[in-house]
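> Top to bottom, those sequences are chains A and B. Per my numbering, residue 1 is the first one in the first sequence, and the count goes up by one each step. Per my numbering, residue 288 is the first one in the second sequence, and the count goes up by one each step.
Worth flagging that the hints you see were computed from the coordinates, not collected in a lab.
One side of the interface only, derived from the structure: several residues of chain B facing chain A at Cβ under 7 Å: (1) 301; (2) 302; (3) 304; (4) 305; (5) 309; (6) 312.
Remember, predicted model here, so these are calculated numbers, not experimental data. Ideal placement from N, C-alpha and C gives every residue a C-beta, glycine not left out.
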Amino acid sequence: MNSRRAFLRGLASAAVRPGTEPAAPAPPPEPEPEPGRAPLSEAELDRYSRQLVLPEWSEAAQVALREAAVLVIGAGALGSPVATYLAGAGVGRIGIADDDEVAVSNLHRQHLHFTPDVGVPKAASAAAKLAFLNPEILVEPYQVRFEPANAAALVEGQDLVVDCSDSFETRYAVNAACCAAGIPLVEGGVVGLGGLVMAIRPGETACYRCAFPEPPPPGAAPSCAEAGVLGPAAGVIGSLQALEAIRLLAGLPGEAAGGFLEVDLARQTFVRVSVARRPACPDCNPL
Amino acid sequence: MAARTLDITGLTCPMTWVRTKLELERLAPGDELTVLCPEGEALENVPGSAREAGHRVAVEGRIVHIVRA
Chain A
1 MNSRRAFLRG LASAAVRPGT EPAAPAPPPE PEPEPGRAPL SEAELDRYSR QLVLPEWSEA
61 AQVALREAAV LVIGAGALGS PVATYLAGAG VGRIGIADDD EVAVSNLHRQ HLHFTPDVGV
121 PKAASAAAKL AFLNPEILVE PYQVRFEPAN AAALVEGQDL VVDCSDSFET RYAVNAACCA
181 AGIPLVEGGV VGLGGLVMAI RPGETACYRC AFPEPPPPGA APSCAEAGVL GPAAGVIGSL
241 QALEAIRLLA GLPGEAAGGF LEVDLARQTF VRVSVARRPA CPDCNPL
Chain B
288 MAARTLDITG LTCPMTWVRT KLELERLAPG DELTVLCPEG EALENVPGSA REAGHRVAVE
348 GRIVHIVRA
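Next up, chain A with everything else stripped away, as it sits in the complex (with noise of 0.2 Å):
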């Protein structure tokens, strides 16, 4: 786990050097200890009684978060709610990764960052927030992009994927290495007043180049720099991950998992659309 963690510290600042010789090969993998089923402690029942309260939430759900290691791609407008939930929920150990740095721009749908961050990391500045918002849990920022060359050492050891990014290109590497690694995935876009939602369970549910085969050609799906989006809207989509993502992780019921849920909030619409796997699909048809 350790070990695991240092290549992973490792990959993250060779990355943010450019120039830099690569980092050297990770060590041969630990065998994973066996997850720790400790009761909940007095501080962490009275932190979650507010979900333990519920019919649906169990002990057992709130352990198997705490022992739960989540990656969040992103620490933008998506990724500022799903670490939010995520680190107010009890998960154990969340890695952020993102390249950015945070823009004054930023600042209206990326809540996680505030007006005297500007310039700092983005992975360092939502740590640094998450870690005042539950300091039970471990954060790990990644000041990396996420990209084909990185993306199988990042998942590696993850139990759950979260992709907030701005870019189908990433979408499209996220999906290929929790495919690649049978990791679950929740996917999440945003533009404008509207976005998608999807949970992906690799080998049992369509994955998303099940749903979207082919990225749009260039131009044709402007980017949220281009077409704006509305903070509020963000916040939707990012809480409908983190939802999926909660659920995906404690077993409960109902996922969006089989298909995706497109939301238009000038239209105020909820709409599931139900996706089969695709036989042919080149990054989840080998599992």
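The hints should help you fit chain B onto chain A, whose structure is shown.
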């Protein structure tokens, strides 16, 4: 059939039900949990929540008997 007791007299809502609920999760179906409740809303909420969760409930004064479903 096992039986356990739980004293929640020092707690307030929602911890009264949280404690009871977690204790019930540790029991097997048919096991009985005897809960000593504080006066007040817990005496309404704890038996009510237990019934809503499908357990069998009997109340004697401040003592709530719950048989796990």
